[in-house]
Amino acid sequence: RKEVEQDPGPFNVPEGATVAFNCTYSNSASQSFFWYRQDCRKEPKLLMSVYSSGNEDGRFTAQLNRASQYISLLIRDSKLSDSATYLCVVPSSSNTGKLIFGQGTTLQVKP
Amino acid sequence: EPEVTQTPSHQVTQMGQEVILRCVPISNHLYFYWYRQILGQKVEFLVSFYNNEISEKSEIFDDQFSVERPDGSNFTLKIRSTKLEDSAMYFCASPGGFVTDTQYFGPGTRLTVL
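Read top to bottom, the protein sequences are chains A and B.
Here the first sequence stands for residues 1 to 111, numbered as in our numbering.
Here the second sequence stands for residues 1 to 114, numbered as in our numbering.
If we strip away everything but chain A, and leave its shape as in the complex, we get (with noise of 0.2 angstroms):
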């Protein structure tokens, strides 16, 4: 298994539906999972932090499955502005603060 595996995609759908990226990782002992989204050669800016089963905030909900070492990201009530990469990111297990990329989920809302 990779050490993050994304779907690239790319997600196309309209304005006002809901979408979801999975993403999977190989470190078990992994116990903080980020998403980071991404525009068109800008900085990969951070969306939401998982440290334990989930995360919600306003239309964004991240969901944490230990046991399959499996994470997701749920975007609810898309918006033209969410149109980005979306990059699931897990530290490393060597303790340095090392990030570890997955390749990005493409996603375009259209009008």
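No lab work stands behind these hints, which were simulated from the structure alone.
We treat Cβ as the ideally placed atom computed from N, Cα and C, and that holds for glycine.
Some hints could be false.
What the hints assert, rightly or not - Below, in silico cross-link-like pairs of lysine to aspartate or glutamate (EDC-like), each with a Cα-Cα straight-line distance of 16 angstroms or less:
| id | chain 1 | residue 1 | chain 2 | residue 2 |
| --- | --- | --- | --- | --- |
| 1 | B | 42 | A | 39 |
| 2 | A | 45 | B | 3 |
| 3 | B | 78 | B | 68 |
Said to hold, decoys possible - Simulated coverage check for chain B against chain A, where a stretch passes if three residues somewhere in it have a Cβ under 8 angstroms from a Cβ of chain A:
| id | region |
| --- | --- |
| 4 | 45-56 |
| 5 | 82-95 |
What the hints assert, rightly or not - Computed from the model, here is a short list of chain A residues facing chain B with C-beta under 7 angstroms:
| id | residue |
| --- | --- |
| 6 | 7 |
| 7 | 44 |
| 8 | 49 |
| 9 | 52 |
| 10 | 97 |
| 11 | 98 |
| 12 | 101 |
Chain A is fixed; fit chain B onto it per the hints.
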């Protein structure tokens, strides 16, 4: 959100030249990181720096790369003899708190090697 700054935003250089990329991380932090992203590929870890020493480096971070903290606030990444394949976005990152906390990324330097 805490701010990390980087300069320059874009650097164009000839193959074989030295480049220095600069970062001003979040103040009062001992941990700093450099990542790079080749166009169309995922973000890759280069090096972590703790208390003025490299704490971990990747296979990419070979002898051509070095990091320094020349003063109390700046953090630099030097590439001694650039290669075409060094063309990428280079991001500096600082954690928001403890080392396992979230990391905040600077806007990046786009390096183009001709």
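Going down the list of hints, with the structure as the test:
no., hint, in the structure
1, B:42 x A:39, "holds (13 angstroms)"
2, A:45 x B:3, "holds (11 angstroms)"
3, B:78 x B:68, "holds (8 angstroms)"
4, 45-56, "holds (count 5)"
5, 82-95, "holds (count 4)"
6, 7, "violated (13 angstroms)"
7, 44, "holds (5 angstroms)"
8, 49, "holds (6 angstroms)"
9, 52, "violated (14 angstroms)"
10, 97, "holds (4 angstroms)"
11, 98, "holds (5 angstroms)"
12, 101, "holds (4 angstroms)"
The structure does not agree with the numbered hints 6, 9 stated previously, though it agrees with the rest.
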